[in-house]
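**Q** One letter stands for each residue in the lines below.
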Amino acid sequence: AQRVTQPEKLLSVFKGAPVELKCNYSYSGSPELFWYVQYSRQRLQLLLRHISRESIKGFTADLNKGETSFHLKKPFAQEEDSAMYYCALSGDKETSGSRLTFGEGTQLTVNP
Amino acid sequence: EPEVTQTPSHQVTQMGQEVILRCVPISNHLYFYWYRQILGQKVEFLVSFYNNEISEKSEIFDDQFSVERPDGSNFTLKIRSTKLEDSAMYFCASRVRGLSPLHFGNGTRLTVT
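Protein chains in written order, with the numbering used here: chain Y, 1 to 112; chain R, 1001 to 1113.
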């Protein structure tokens, strides 16, 4: 079974402060991990995925297989980062297109 | 940039009624999905669809649910006899290949009264 846990439902930081959104997962094979973001009244959008190892809007996330974590980090939060963030996991079924399992989400608020 | 579109944005129906939620995936995408999110809860997988058949479904996707791709563009989710607990935001999603990024629609908010 695959499972994603985001322990913080709400996270509030001040502009310019570092931010870390936690994500832990459970999966027996080789998962692919994603972060999706949902800005107010907008659709879910892919923020980043672990295999691309890139930084989007200043966010990075490193897959730690030992700790089964995929925490999302940004060194200096901006007000426009305020949104709902979802960690998601996809299993390794190539041919049929794996389901995404989502965490509960963390609502990030960046205060001025 | 092409988008997944969903209609209607909000649907209100009475318990026991049939409802059809509509989605137009991105045109060159081959894999289609429905997810739902009950208010205050996580986004949950319902079903995936590929090559004109269901490839995977969750325990939520019981006999009351069905999906169809009636033509080359639409992808629909039908709930035969709605229950109060079906009230949720329903998201359609599509992707080009099995492991490429998933693109979501804006969702349809279904309210069952």
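Just to be clear, a hint being listed does not mean it is correct.
Label-pair distances were calculated between CB atoms; the ranges are [what the hints assert, rightly or not]: (1) R/Gln1064 to Y/Glu104: 23 to 29 angstroms; (2) R/Asp1071 to Y/Arg41: 28 to 34 angstroms; (3) R/Gln1064 to Y/Ala17: 45 to 51 angstroms.
Where chain Y lies over chain R, by a calculated footprint (3+ residues, C-beta under 8 angstroms) [unchecked claim]: (4) 1012-1020; (5) 1039-1050.
Hints are computed from structural coordinates only; laboratory data are not their basis.
Predicted model, so just to flag it, every value in this text is computed and none were measured.
Glycine residues also receive a C-beta, built at the ideal position from the N, C-alpha and C atoms.
**Q** For every hint, state whether the structure bears it out.
**A** For each hint, the structure was consulted:
no.	hint	verdict
1	R/Gln1064 to Y/Glu104: 23 to 29 angstroms	holds (25 angstroms)
2	R/Asp1071 to Y/Arg41: 28 to 34 angstroms	holds (30 angstroms)
3	R/Gln1064 to Y/Ala17: 45 to 51 angstroms	holds (47 angstroms)
4	1012-1020	violated (count 0)
5	1039-1050	holds (count 7)
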